[in-house]
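The residues making up each chain are set out below.
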Amino acid sequence: MNDLSASSQITYRAVPVRPAVARRIRGLSDQALAWLFITPTIVLLLAINIFPLVWTIYLSFTNYRANRANAPTIWLGTDWYQSILTDPDIWAAMQVTAHFVIWTVLIETVLGFGLALLIDKKFRGHGMWTTIILLPMMLSPAVVGNFWTFLYQPQIGLFNYVVAFFTGRDASSFQMLGDVTLSPWAIVIVDAWMWTPYVMLICLAGLRSIPDYIYEAAEVDRASNWRQFWSITLPMALPFIMLAVLFRGIENFKMFDMVNLLTGGGPGSTTEVASITLKRAAFESWRTGYSSAFAIILFVTVFGLANIYVKALNRVKSR
Amino acid sequence: MKLTVKALLTSFGVLASALSAGVGTAPAHAQAKTITLCWAAWDPANALVELSKDFTAKTGIGMKFEFVPWTNYADRFLNELNSHGSLCDLIIGDSQWIGGAAENGQYVKLNDFFKKEGISMDDYMPATVVGYSEWPKNTPNYWALPAMGDAVGWTYRKDWFARPEIQKDFKAKYGRDLAAPKTLDELRDISKFFQGREIDGKKVYGASIYTERGSEGITMGVSNYLYDYGFQYQDPKKPYAMDGFVNSPGAVKGLEAYKELYKCCTPPGASNSYMSEGLDAFKSGQVALQMNFFAFFPGLYKDPNVGGDKIGFFSNPAGPATQATQLGGQGISVVSYSKNQGEALQYIKWFSGGDVQKKWWALGGYACAKSVLNDPSFPSSAPFAGEFLKSMGMVVDFWAEPSYAQLLQAEQKRVHDYVVADKGTAQEALDGLVKDWKAIFKEEGKKF
Numbered sequence: 001m002n003d004l005s006a007s008s009q010i011t012y013r014a015v016p017v018r019p020a021v022a023r024r025i026r027g028l029s030d031q032a033l034a035w036l037f038i039t040p041t042i043v044l045l046l047a048i049n050i051f052p053l054v055w056t057i058y059l060s061f062t063n064y065r066a067n068r069a070n071a072p073t074i075w076l077g078t079d080w081y082q083s084i085l086t087d088p089d090i091w092a093a094m095q096v097t098a099h100f101v102i103w104t105v106l107i108e109t110v111l112g113f114g115l116a117l118l119i120d121k122k123f124r125g126h127g128m129w130t131t132i133i134l135l136p137m138m139l140s141p142a143v144v145g146n147f148w149t150f151l152y153q154p155q156i157g158l159f160n161y162v163v164a165f166f167t168g169r170d171a172s173s174f175q176m177l178g179d180v181t182l183s184p185w186a187i188v189i190v191d192a193w194m195w196t197p198y199v200m201l202i203c204l205a206g207l208r209s210i211p212d213y214i215y216e217a218a219e220v221d222r223a224s225n226w227r228q229f230w231s232i233t234l235p236m237a238l239p240f241i242m243l244a245v246l247f248r249g250i251e252n253f254k255m256f257d258m259v260n261l262l263t264g265g266g267p268g269s270t271t272e273v274a275s276i277t278l279k280r281a282a283f284e285s286w287r288t289g290y291s292s293a294f295a296i297i298l299f300v301t302v303f304g305l306a307n308i309y310v311k312a313l314n315r316v317k318s319r
Numbered sequence: 001m002k003l004t005v006k007a008l009l010t011s012f013g014v015l016a017s018a019l020s021a022g023v024g025t026a027p028a029h030a031q032a033k034t035i036t037l038c039w040a041a042w043d044p045a046n047a048l049v050e051l052s053k054d055f056t057a058k059t060g061i062g063m064k065f066e067f068v069p070w071t072n073y074a075d076r077f078l079n080e081l082n083s084h085g086s087l088c089d090l091i092i093g094d095s096q097w098i099g100g101a102a103e104n105g106q107y108v109k110l111n112d113f114f115k116k117e118g119i120s121m122d123d124y125m126p127a128t129v130v131g132y133s134e135w136p137k138n139t140p141n142y143w144a145l146p147a148m149g150d151a152v153g154w155t156y157r158k159d160w161f162a163r164p165e166i167q168k169d170f171k172a173k174y175g176r177d178l179a180a181p182k183t184l185d186e187l188r189d190i191s192k193f194f195q196g197r198e199i200d201g202k203k204v205y206g207a208s209i210y211t212e213r214g215s216e217g218i219t220m221g222v223s224n225y226l227y228d229y230g231f232q233y234q235d236p237k238k239p240y241a242m243d244g245f246v247n248s249p250g251a252v253k254g255l256e257a258y259k260e261l262y263k264c265c266t267p268p269g270a271s272n273s274y275m276s277e278g279l280d281a282f283k284s285g286q287v288a289l290q291m292n293f294f295a296f297f298p299g300l301y302k303d304p305n306v307g308g309d310k311i312g313f314f315s316n317p318a319g320p321a322t323q324a325t326q327l328g329g330q331g332i333s334v335v336s337y338s339k340n341q342g343e344a345l346q347y348i349k350w351f352s353g354g355d356v357q358k359k360w361w362a363l364g365g366y367a368c369a370k371s372v373l374n375d376p377s378f379p380s381s382a383p384f385a386g387e388f389l390k391s392m393g394m395v396v397d398f399w400a401e402p403s404y405a406q407l408l409q410a411e412q413k414r415v416h417d418y419v420v421a422d423k424g425t426a427q428e429a430l431d432g433l434v435k436d437w438k439a440i441f442k443e444e445g446k447k448f
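In the order they appear, the protein sequences are chains V and A.
Numbering-wise (the UniProt record's numbering), the first sequence opens with residue 1 and increments by one.
Numbering-wise (the UniProt record's numbering), the second sequence opens with residue 1 and increments by one.
So here's chain A without its partners, still in its complex pose (with noise of 0.2 Å):
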């Protein structure tokens, strides 16, 4: 017993000297504040994980990072915001989210911040400005900086679609050449080709696209169709008339095209799919085809089973009425409720500045910003640079209404009743999401 207690006086007496040690041997310039930013935990965020080093570097201020999965990063976030928490200094927050943060307090408003600080939103590139920044959109108030540029694009398997046997089998069949799809019925016709095709005796399949349930998956793919086909959220000259825009002939087709792909083309379980299934399935080499976010081409290109010459990118391709792509990415923002948000604007105020926009494209995010993606160099910076520029011409956003999450909500629900589940038509589908979208809006007060 005495020698029990003999030695966890020891041991108490080693750890406290070792604590004491540790206490001594900290840094002398120790950091006069912390500051918490928020954001999804993906490829990106690691990039800017390196990229604050020099932010420390520079100002002394300390950075911590909170990154949530992206199937739990709306809920995470929102409940963080709606119950008036502190944790997060800086956001970077979903574009559909700047609705509802603007009108609840959320966000500061960053107007006066920008014009003390000589910060113009000419700068950056205008897709961006309405989709991350900008409440009520298209005016001038701004709630966020650009911070991550993205939209939905696809990659292929540029070494399959390049042997000789692929490309003779398909001219065979198609009587064309097999090249990255320039429209949605290529997209269709190549997928339709490789499902169940046996490529170095392994069984592949064709596409991987978005389908999942819970979170926003299947919204984010489905539009990239609808859009094509001729959905328009609303009636341009009279907001929040959708009857006949949201369910136009055209949307309707489109949805059907959608279904149609998700049933010919997808691997066996992809019911519930969105980006990280979207990479095991293109990385595990089971797909030809991906639908996924520019986001994740930078680390896919590294990847050393599917990446470098293997892998091929391409925008949207076009549809019967348009060529247009779903917008991803996300502003920067303050946080109403930080203690620190002088600190939080020092932070925007720099990453804001050239050189860092720079870096921050050079370490794998998407800078929003006109001198980055205006430079002669950048089409060529990367494989995946000028489709990415393509793609941020032609983007399109779901509502970034307050009551964009009960918007999302009944998209998803009406769907994937129609596309997984097969309930109803595509008719039906996309009229009850007009009244499920007109008692949503009723309820918050619009008149239309």
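Next up, chain V with everything else stripped away, as it sits in the complex (with noise of 0.2 Å):
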């Protein structure tokens, strides 16, 4: 027997004449099982996603609190959403979301993204090194909350007593998370402590997926490092970082545990951002309707701007 001829059988016996597979399960069509398959999905989408959604939005033009099931339900028409859009403080609370999510991920992608730059040159140790910038995003928020409080803490934190190193103050003589001005600042620090390797993990995959060959073809045409990273890094890893800043921002106009258990919104409502606000109309106040609402406004103003994101993205990529 040649190799032709051996070739040929193994080539019959991968093809054979395959029944559907829904011949074999007895009165199914293939389409039919397709439905099969995908129904739970969607019943699972529907009762977990759509219907809140859209109960939510129904509840958002009453007056209902979960807390007194029983008492009758009004109509509100849109009395809530002219409430909270005329309210100075959802709007105070939206600027301090905003202050926190733009410098938060100001900061995250340009630390990120540097270290990124040298986590992808080969070093001796750099596995170690990869490792250990990663530790602070693998712990919970709740942790990273509690112990940044005693970092923070003016008589015996680390944080103060560093400042006191370096600058000769009295460690004591500033607080971290009771001060007005420093307090927005130092939820900022602690999030891009935590999050800021995040944000490296998906420059870094940026980086690693530039082929070597363009960077040997600009070494020939005798480009400089600079030349290189303007002509070929950051172009080419800028879908990565865009991605990187679509997550975080995301993320961050949502954040709530680790504010909430490092000021708590305070001192004030200096650090009171968007989803404490909410959490406190929802589940403090029990305000079921007026927090739907709010929701609602949040859910359109994070969809809203993530989609004008996306088409931004998609551009970059498509050139």
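Keep in mind the hints are simulated off the structure, nothing from the lab.
Please read all numbers here as calculations on a predicted model, not as lab measurements.
Certain hints may be false.
Subject to a maximum C-alpha distance of 30 Å in a straight line, what follows is the list of computed DSS-like cross-link-like pairs (lysine-lysine) [claimed, not checked]:
1. A:171 to A:202
2. V:279 to A:259
3. A:339 to A:64
4. A:390 to A:158
5. A:64 to A:116
6. V:279 to A:435
7. V:311 to V:254
8. A:64 to A:33
9. A:58 to A:115
10. V:254 to A:423
11. A:438 to V:279
12. A:202 to A:173
13. A:423 to A:435
14. A:310 to A:283
15. A:423 to V:279
16. A:33 to A:115
17. A:259 to A:438
18. A:263 to A:171
19. A:109 to A:339
20. A:349 to A:53
21. A:137 to A:438
22. A:442 to V:279
23. A:446 to V:279
24. V:279 to A:447
Derived CB-CB ranges, DEER-like [unchecked claim]:
25. A:79 to V:138: 23 to 31 Å
26. A:303 to V:162: 26 to 34 Å
27. V:43 to A:64: 33 to 41 Å
28. A:427 to V:185: 26 to 34 Å
29. V:257 to A:386: 42 to 50 Å
30. A:62 to V:304: 49 to 57 Å
31. V:46 to A:422: 49 to 57 Å
32. V:173 to A:199: 15 to 23 Å
33. V:78 to A:64: 46 to 54 Å
34. A:284 to V:162: 20 to 28 Å
35. A:64 to V:92: 40 to 48 Å
Glycine included, each C-beta is placed from N, C-alpha and C at the ideal position.
Hey, can you piece these two chains together into the complex? The hints should help.
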């Protein structure tokens, strides 16, 4: 038997005339089988995503309170939306959120990309350094919130001690979490510390996806390192950087746990991000209708901004 | 591979034998039923666990406990009640919850049960009955048995106060002897005196007070000043009329005085302090004075570092208008969604017994029964007992309306914004509070 005949035999065995899968299950067409498989997913999606969304939209037009389920529900129209959109406290919370999102995303992107550039270079012990850098994002936000509260403690906190060491100020002369000016930055620092590694990972994936031959061609053309960075590295990693910005932006717009643990929204309302205001309205005041309207406004805001951003991202990718 | 499988089977066999042996050695007098009691995680809860062993021994009903730290206590249990959960058969709920829990059908009304079992509210201190049991207030509609009397009080470092050099310095500066303060002005002076002072080579501070933002902390703290300066929740003659009562000139001064104390005399980083932060500050020897609930005082008295002869206790000092203090404490209620209401009611009946109330106090709980508190030996039964009794005679409570959480949030925000975040004036803060409270009551359909 020569090679050719052997391969013909294999080909013949590999392509048997198999009956359609549906025929094995008596009475079911391919389409019915497909529905059978996707129905659980659709039911779950409807039950835990679509129905709550539709129900929340309905509740946002009523005076419903979850703690008084037996009280009559009155249709209020757009009253809650008007009241929320004209409430200065809500706008203050949105400003706090915007400050938090913009600064954290900016710092995390710059530092994350910088770290990715460093880690991308093969050097001795780079695996160990990568692991060390990734540690903060592996911790629970509850743990991070608690131990940063200690780090920021004016009398015994390491953060104040380090600042005092370098500036000569008395460590207990300033408080990161209790000061109106410093507390918004205190939460930005903690978030940046925790999530910069995440941005670094995404950027690193982007950098590793750039083929070496492009750099080799650039070197043949005697392009400087700087030129290579601006013309090859940054444009080719940009879709990844933008993806990281999108992920962190959406996450931080919803930020609750860490801020709640660090400052509880204080001092006063200085760090009261939108999700803390929402939680207080929904689960402390039990103003379910009002908080539903606020949740819808936040959802539309995030969804709208994310859509615009994704379009920009697609444009960058298609270049 | 064979070895591994064999080892696995052997382990399984050993485990199965151990389990069956465990089952075999289970107590023959297995408990008929177990009920769950929900409360905050703090010292008195441990005393209640100890006390409840007697209930199990007497009735055979087992007790399970669900204790949640104070910062999450309201969130956790109000969610449980609002979602009609049956986790708790009995709940020791905060005094302010009673309006909502009664109107929303979350607590079992106890009038018939009390009548049937011969439990009389006349046997309990009046302030605790009004505060922990009645809704509407001052009507004979009972939703809880007063369980844990409590109020805000103060502790001080008696050993520091007794040092001759400190006494001398104080007298030279203020022209009077250093002693537990009788007025809020004296309290401020003492706090200022200790702020930044070096004692035993360590820098110490004046006072630890409540400033917490997230739950109820700053409200529970500032109230002690507001009441003393003339603040009232409403016109006594016209319910829900708050103008000139919440934001009266006296109340404004009281709020300013609290801010002054926060700014001048608290340790650095005390911008979000509540019960546990106060305890930490006092136990670590940072502060001369501490504002905290009486419930913690038995534990503090036993503390090896700052307890015993080193600690003194006093009730909230008088202000220019009156002497009052913030009510703490809770009543014990049967949750209407409980499937073990019979057993839960048995617990309440047992808990109301005179001997049980005495043992409750002895273990570190604050009984509300007159048989304990009016006993002539009570004031001398503990170093803080007399001050507790005095405080319970001058307590004022926050709103106990069904919308209490919203009312509380509004005060938390307005007061914290002014005291800690330096936003606006005291007058603006209290005017804003009246505006917020009016809006909440309007939404509730109240007429004023």
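To see whether the hints hold, each was checked on the structure:
1. A:171 to A:202: Cα-Cα ~22 Å, so holds.
2. V:279 to A:259: holds (28 Å)
3. A:339 to A:64: Given that 30 Å is the threshold and the Cα spacing comes to 14 Å, the pair holds.
4. A:390 to A:158: holds (20 Å)
5. A:64 to A:116: It holds: about 27 Å lies between the C-alpha atoms, which stays within 30 Å.
6. V:279 to A:435: holds (22 Å)
7. V:311 to V:254: holds (21 Å)
8. A:64 to A:33: holds (10 Å)
9. A:58 to A:115: holds (23 Å)
10. V:254 to A:423: holds (26 Å)
11. A:438 to V:279: holds (22 Å)
12. A:202 to A:173: holds (21 Å)
13. A:423 to A:435: holds (17 Å)
14. A:310 to A:283: holds (11 Å)
15. A:423 to V:279: Holds: residue 423 of chain A and residue 279 of chain V sit about 23 Å apart, inside 30 Å.
16. A:33 to A:115: Given that 30 Å is the threshold and the Cα spacing comes to 26 Å, the pair holds.
17. A:259 to A:438: holds (25 Å)
18. A:263 to A:171: Distance ~24 Å between residue 263 of chain A and residue 171 of chain A Cα, so the pair holds.
19. A:109 to A:339: holds (16 Å)
20. A:349 to A:53: holds (15 Å)
21. A:137 to A:438: Satisfied, since the Cα-Cα distance of roughly 20 Å is no more than 30 Å.
22. A:442 to V:279: holds (22 Å)
23. A:446 to V:279: Measuring from Cα to Cα gives roughly 25 Å; hence the hint holds.
24. V:279 to A:447: holds (29 Å)
25. A:79 to V:138: 23 to 31 Å: holds (29 Å)
26. A:303 to V:162: 26 to 34 Å: Holds, since residue 303 of chain A and residue 162 of chain V (Cβ atoms, about 32 Å apart) stay within the stated range.
27. V:43 to A:64: 33 to 41 Å: holds (36 Å)
28. A:427 to V:185: 26 to 34 Å: holds (31 Å)
29. V:257 to A:386: 42 to 50 Å: holds (44 Å)
30. A:62 to V:304: 49 to 57 Å: holds (55 Å)
31. V:46 to A:422: 49 to 57 Å: holds (50 Å)
32. V:173 to A:199: 15 to 23 Å: Since residue 173 of chain V and residue 199 of chain A have Cβ atoms about 20 Å apart, the given range 15 to 23 Å holds.
33. V:78 to A:64: 46 to 54 Å: Since the Cβ atoms of residue 78 of chain V and residue 64 of chain A sit about 47 Å apart, the hinted range of 46 to 54 Å holds.
34. A:284 to V:162: 20 to 28 Å: Holds, since residue 284 of chain A and residue 162 of chain V (Cβ atoms, about 22 Å apart) stay within the stated range.
35. A:64 to V:92: 40 to 48 Å: With a Cβ separation near 44 Å, residue 64 of chain A and residue 92 of chain V satisfy 40 to 48 Å, so the hint holds.
The structure meets every hint from the earlier list without exception.
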